[in-house]
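Line by line, the protein sequences give chains Y and L. With this note's numbering, the residue at position 179 of the first sequence is 223, and numbering never jumps. With this note's numbering, the residue at position 83 of the second sequence is 127, and numbering never jumps.
Careful, some of the hints might be misleading.
One copy or any two copies: either way a pair holds, since identical chains are not told apart in the list.
[What the hints assert, rightly or not] Derived pair list, reagent style DSS-like, types lysine-lysine, alpha-carbon separation capped at 27 Å: (1) 317 x 306; (2) 86 x 324; (3) 317 x 168; (4) 317 x 95; (5) 306 x 95; (6) 324 x 306; (7) 324 x 168; (8) 324 x 95; (9) 86 x 306; (10) 86 x 317; (11) 306 x 168.
The hints are simulated quantities; they were obtained by calculation from the structure and are not laboratory data.
Residue-level listing of the chains:
2 protein chains.
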Amino acid sequence: MAVNRGPAVIDCDIHNTVPSAQALFPYLSDYWREYITESSFKGPIDTAYPKGAPTSARPGSRPPNGDPPGSSLDLVREQALDAWGVEYGILNCAYAVDSLHNPDTAAAMASAVNDWQIAEWLEKEPRLRASIVVPSRQPEMAAREIDRVGDHPGFVQVFLPVRSEAPYGNRRYLPIFEAAVRHDLVVSLQFGGFPGNAPTGAGWPSYYIEEYVGMAQVFQTQVLNLIVEGVFDRFPTLRVALIEGGFTWLPSLMWRIDKDWKGLRREVPWNTKLPSEYIKERIRLSLQPLDAPPDPRHLLQIIDQIGSDDVLMFSTDYPHWHFDTPEEALPAGLPESTRRKILYENARAFYRL
Amino acid sequence: MAVNRGPAVIDCDIHNTVPSAQALFPYLSDYWREYITESSFKGPIDTAYPKGAPTSARPGSRPPNGDPPGSSLDLVREQALDAWGVEYGILNCAYAVDSLHNPDTAAAMASAVNDWQIAEWLEKEPRLRASIVVPSRQPEMAAREIDRVGDHPGFVQVFLPVRSEAPYGNRRYLPIFEAAVRHDLVVSLQFGGFPGNAPTGAGWPSYYIEEYVGMAQVFQTQVLNLIVEGVFDRFPTLRVALIEGGFTWLPSLMWRIDKDWKGLRREVPWNTKLPSEYIKERIRLSLQPLDAPPDPRHLLQIIDQIGSDDVLMFSTDYPHWHFDTPEEALPAGLPESTRRKILYENARAFYRL
Numbered sequence: 045m046a047v048n049r050g051p052a053v054i055d056c057d058i059h060n061t062v063p064s065a066q067a068l069f070p071y072l073s074d075y076w077r078e079y080i081t082e083s084s085f086k087g088p089i090d091t092a093y094p095k096g097a098p099t100s101a102r103p104g105s106r107p108p109n110g111d112p113p114g115s116s117l118d119l120v121r122e123q124a125l126d127a128w129g130v131e132y133g134i135l136n137c138a139y140a141v142d143s144l145h146n147p148d149t150a151a152a153m154a155s156a157v158n159d160w161q162i163a164e165w166l167e168k169e170p171r172l173r174a175s176i177v178v179p180s181r182q183p184e185m186a187a188r189e190i191d192r193v194g195d196h197p198g199f200v201q202v203f204l205p206v207r208s209e210a211p212y213g214n215r216r217y218l219p220i221f222e223a224a225v226r227h228d229l230v231v232s233l234q235f236g237g238f239p240g241n242a243p244t245g246a247g248w249p250s251y252y253i254e255e256y257v258g259m260a261q262v263f264q265t266q267v268l269n270l271i272v273e274g275v276f277d278r279f280p281t282l283r284v285a286l287i288e289g290g291f292t293w294l295p296s297l298m299w300r301i302d303k304d305w306k307g308l309r310r311e312v313p314w315n316t317k318l319p320s321e322y323i324k325e326r327i328r329l330s331l332q333p334l335d336a337p338p339d340p341r342h343l344l345q346i347i348d349q350i351g352s353d354d355v356l357m358f359s360t361d362y363p364h365w366h367f368d369t370p371e372e373a374l375p376a377g378l379p380e381s382t383r384r385k386i387l388y389e390n391a392r393a394f395y396r397l
Numbered sequence: 045m046a047v048n049r050g051p052a053v054i055d056c057d058i059h060n061t062v063p064s065a066q067a068l069f070p071y072l073s074d075y076w077r078e079y080i081t082e083s084s085f086k087g088p089i090d091t092a093y094p095k096g097a098p099t100s101a102r103p104g105s106r107p108p109n110g111d112p113p114g115s116s117l118d119l120v121r122e123q124a125l126d127a128w129g130v131e132y133g134i135l136n137c138a139y140a141v142d143s144l145h146n147p148d149t150a151a152a153m154a155s156a157v158n159d160w161q162i163a164e165w166l167e168k169e170p171r172l173r174a175s176i177v178v179p180s181r182q183p184e185m186a187a188r189e190i191d192r193v194g195d196h197p198g199f200v201q202v203f204l205p206v207r208s209e210a211p212y213g214n215r216r217y218l219p220i221f222e223a224a225v226r227h228d229l230v231v232s233l234q235f236g237g238f239p240g241n242a243p244t245g246a247g248w249p250s251y252y253i254e255e256y257v258g259m260a261q262v263f264q265t266q267v268l269n270l271i272v273e274g275v276f277d278r279f280p281t282l283r284v285a286l287i288e289g290g291f292t293w294l295p296s297l298m299w300r301i302d303k304d305w306k307g308l309r310r311e312v313p314w315n316t317k318l319p320s321e322y323i324k325e326r327i328r329l330s331l332q333p334l335d336a337p338p339d340p341r342h343l344l345q346i347i348d349q350i351g352s353d354d355v356l357m358f359s360t361d362y363p364h365w366h367f368d369t370p371e372e373a374l375p376a377g378l379p380e381s382t383r384r385k386i387l388y389e390n391a392r393a394f395y396r397l
């Protein structure tokens, strides 16, 4: 059932799911097809979205054939694009190539996913755009993959899992940013990742809820690091999207880093302005999942505290489950101009749509 | 120069500093005195407060004899206790015993620090209270140290560095919490720590500003973990203080964990109420350093968003440098009743003073 939302909408976070390694066979070489067929390797099996967690999939998003939620273009059209009157929907395929330690396997699987995205999503549905999946543990190989497909008009960003072996401002990752800038692509940091190191600054937690809630802290680490490493100074056209990491933590982080930067900036002399300015100019955040306070007034305060209505971009995070009705998807009580920016204009400008 | 602040004040964070390993010699056995004299080991040398960082020490806090800031009782009296009209000041000695990998060395140094605190601080100045330094890597030994000195009326809490090998809700740390509860002591998580693992959820950052700003994320990890591991359910009288970790991130964390707990609580069935309720009932946070927003109105919003005026406790964080004038130390525009709670009543109730 379509929900007529009036003016057009851009959904900056729709997850398309590779149903199985076999689905990638048309895009893999004989070598890898044979490897997958004859060995016990069937593609990456890690996922940040356990099948049984209610947040992982909204009711009704599993296709009738039993394939995973997010794997059916028809359902994406019906439940995400048509339902919201979406003009552009941006696909973020969370296929966990970063969990593969064999660099050649990771590169081959990433290329196959990207070719699969072109053939089975972008070429079939003109409303869709997509993110380039890369072997992020191997920055040089990731850059080659970005160069290989980065000029395809359907790709608008690079997909990096927010969890990583080192923060992404580390110089080892420069080739990825150089390649993204070369093709004027957004670099996105996305919920999840399998780097092998602990997901907190105090070692390994015990429960999935800690990984899920705590992912917001990993986003904060990456924002801080990208700024102070000078990545935005080095690449004046670089834009970074934070997808599925929440945003109510943003004012506190901006205040803390601005204050401490005033005392410690001699460490990072390449930063020529307040850290919060880099955030407001270069970073955008997806709206859902929304760490909604019980009092809607508090959410409006947070948006006011951010100090810009340019930074939030509407997302459903389909097929993940964060709200039951369209009315819950957007903060209540927003001024109409802010609402339009969140629903459409911010993403259009950021992704150059 | 004394600043008459009117009614009494409790300063819940004053750092007393061990000037050198030699200062602990009266409290060490012959074995350890000889060990320190004859080997290159001169006590832990790690510090979360680099000598050159302007945040590490306020101007004028270094004693004339060249010893480190925080090492002189006379200066603590003059610059912290008298200046603020302090009725009780709580000492937090950040001597980095947790950086020592030899368990016996760590235990010996911790005991020496506690006996030094009794003899040279608590018995000389009746306004002072103190935190028990423990070999936190060795929970059983830490519990023994808590049992050894925990009934001394000067000790009101246990000092744990917020950075740890595993989050403190991990069952390996239960002996520490059991011992603290046995002596009705607050358990405090304090800025810093040297566990050997990375201080972020995305590996090792490059700069001190990242460790400093990012410590707020480690506090968030620990709060989340203590709740979902059921530590507060297991110990109904346990109170936890978060010292020097900021607090403007608290509303966002409460919203996020409450929301996600609703979806994922079957993982942690021992939690019998909303996670934010444990925070409001059992956790208190020190006021400084204050991640102050440029707009004072936003700070009042944060305090309102927390949903309780019981959780903040005044602190100077002496001798660390976070504000220039007493007026900057407290948020402007607080209702008088909230101001009194922050300056005095919350800490008095929490520490049973």
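Status of each hint after checking the structure:
In this homomeric assembly, residue 317 and residue 306 come within 27 Å of each other (Cα to Cα) only inside a single copy, at 10 Å, whereas the closest approach across copies is 41 Å. Proximity of residue 86 and residue 324 under a CA criterion of 27 Å is satisfied in neither setting, with 42 Å inside one chain copy and 47 Å between copies. In this homomeric assembly, residue 317 and residue 168 never come within 27 Å of each other (Cα to Cα): the closest approach is 44 Å inside a single copy and 48 Å across copies. In this homomeric assembly, residue 317 and residue 95 come within 27 Å of each other (Cα to Cα) only across copies, at 26 Å, whereas the closest approach inside a single copy is 44 Å.
Taking the shortest alpha-carbon separations for residue 306 and residue 95, only the inter-copy value of 17 Å comes in at or below 27 Å, while the best intra-copy value is 46 Å. For the homomeric pair residue 324 and residue 306, the shortest alpha-carbon distance inside one copy (18 Å) is at most 27 Å, but the shortest distance between copies (32 Å) is not. In this assembly of identical chains, residue 324 and residue 168 lie within 27 Å of each other by CA distance neither inside one copy nor across copies; the values are 35 Å within and 52 Å between. Taking the shortest alpha-carbon separations for residue 324 and residue 95, neither the intra-copy value of 36 Å nor the inter-copy value of 33 Å comes in at or below 27 Å.
In this homomeric assembly, residue 86 and residue 306 never come within 27 Å of each other (Cα to Cα): the closest approach is 51 Å inside a single copy and 34 Å across copies. With identical chains, the CA atoms of residue 86 and residue 317 are never at most 27 Å apart, being 48 Å at best within one copy and 42 Å at best between copies. Taking the shortest alpha-carbon separations for residue 306 and residue 168, neither the intra-copy value of 51 Å nor the inter-copy value of 38 Å comes in at or below 27 Å.
Of the hints listed earlier, those the structure fails to meet are numbers 2, 3, 7, 8, 9, 10, 11, in rising order.
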